[in-house]
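A.B. asks: This is what each chain is made of:
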Amino acid sequence: MATDISLHNVSKSYKISGKEMPALGNISFTVSAGEFFTILGPSGCGKSTIINLIAGFITPSTGEIKANNKVVIQPSPERVIVSHEYGAFPWKSAQENVEFALKASNIPQEEHKNIISKYLNMVGIAGFANSYPFQLSSGMKRRLILARALAVKPECLLMDEPLVGLDTQLRYSMQEDVLRIWGEEKTTVVLVTHDLEEALYLSDRVLVMSPHPGTIRTIIDIPFGRPRVPSLRLTDVFQAYRREVFGFLI
Amino acid sequence: MQHNNSNSNRLSLLLLRCGVFFILLFLWQIAANFKIINVNFLPPPSSLVKEFYYLAKSGYLSSNLLGSLYRVTLGFTIAVCLGVILGTLLGYFSKIGNVIVPVLDILRSIPPIAWIPLAILWFGLGNSSSIFIITLGAFFPIFVNTFSGVRSVSRFHLDTGRCFGANQALIISDIILPSAMPQLLTGIRIGIGTAWTSVIASEMVGTRNGLGYAIQLNRIMLDTDAVIVNMILIGVIGWLMNTIILHIEKRISFWYLQQNV
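In order, the protein sequences belong to chains A and B.
Taking this note's numbering, I'd label the letters of the first sequence as residues 1 to 250.
Taking this note's numbering, I'd label the letters of the second sequence as residues 1 to 261.
Among the hints, erroneous ones may be present.
Listed below are several chain A residues computed to face chain B (Cβ distance under 7 Å; list not exhaustive) [stated by the list, open to error]:
1) P75
2) P77
3) V80
4) E85
5) Y86
6) P90
7) W91
8) F100
9) A101
10) A104
11) F128
12) S131
13) Y132
14) F134
15) L136
Since the hints were made in silico from the structure, they are not lab data.
Here a beta-carbon is modelled for each residue, glycine too, at the ideal position from N, C-alpha and C.
Please build the complete structure, drawing on both the sequences and the hints.
C.D. replies: So this is what it looks like as structure tokens:
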């Protein structure tokens, strides 16, 4: 239930008022199946461009992207994006939002009910199945779009700043949920974040980007064992990694 | 306590409104009784009530009312179907939309009333030409609002659909239409207003019954009471239709209204 993702000499430029603006330099990297891989960098460094390329929303200017050794040419429920921007549909209740994903990927009607309750449970909003997004808190909305993505059993989750804008405490507790769910569902995760600590705490490897145009600064292995516990953040070895990665960010 | 307070506020507002309304009626009646106004031009409330009873009892009122409602229902229904279908298709397939919409924009600038002579030439006097005018009048606001609602569907919502592998039918039924629904309903509410205006206008020249026909006919007969009673009826029905649609709008667009609180 997981897939490997690889980028080969990928670059992307956008035409802005007639001028080609490079957003992404020449990038190559591989994410192994089942890995928690994080792309870290300041805003505007092309992180979201990478996610949109892997998702298949946009095509690279040069190079190619492969998922499971097949070239990515269009979006697919095998690679689902989880992002605040690609939010829940405001006209659908929580369970209707999840059901949309099931209908879209042709999952048989009779399985819908069980799948919906399984994933609303997993993300912890089972009691809000009939609530509409405007009735949910900001954290619960993030949980809902995670449930919607998980419901189609994607091989790869593309999480673009999934916890951006939440307060620190909520962020910590949702990081725990993300780790737990990743452990249960065994999907490949490509996470984009600008939060150094979040990247270190969650990931197997962290790719640090430098901006204008986005290129790879370095890729660092994060050797902390699993399961990880919140107090890991306070250990000296965590702080040492923090200093090291911080060095690449500035 | 807060709740009680707003309830009693609402009640006193209602009482105040009724009070002002009855005082105005009373002053109007007094002015007529003391011959301050000419009752031939502006009959007092008492004779309007008498006239209303006469029209209701004789059956003129219901036959005119039903005539107008029949035309407006038919014309409006056709307009909703055409407006929603064309607005959705031209909004969704933007290349065709870009070619056709400028032409429709010019047609839209011709008031429905200006079509009456041509409609009579094409369809003759009677229901057909009246329904044509109503359809035309209601079509444009419904079409324009549906079109712009469909055009303004969020790219992120559409991409979410593509990401999960949704086919075009599902994208239209579950993303585009519900997302455009608040604007579409606004178009329908404006459309029912123009449909009502159009039915009255077209009946004044083209039909043998209807509320528009009634006010025109009674003007010729110098029956000011009947003119005003029918006018009031036109106002009440128009207001009712608007209120009903507003109510439906609140029901269906609740998620949209909540977002913008």
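A.B. asks: Looking back at the hints listed earlier, which ones does the structure fail to meet?
C.D. replies: Result: hints 11, 12 and 15 break, sorted rising.
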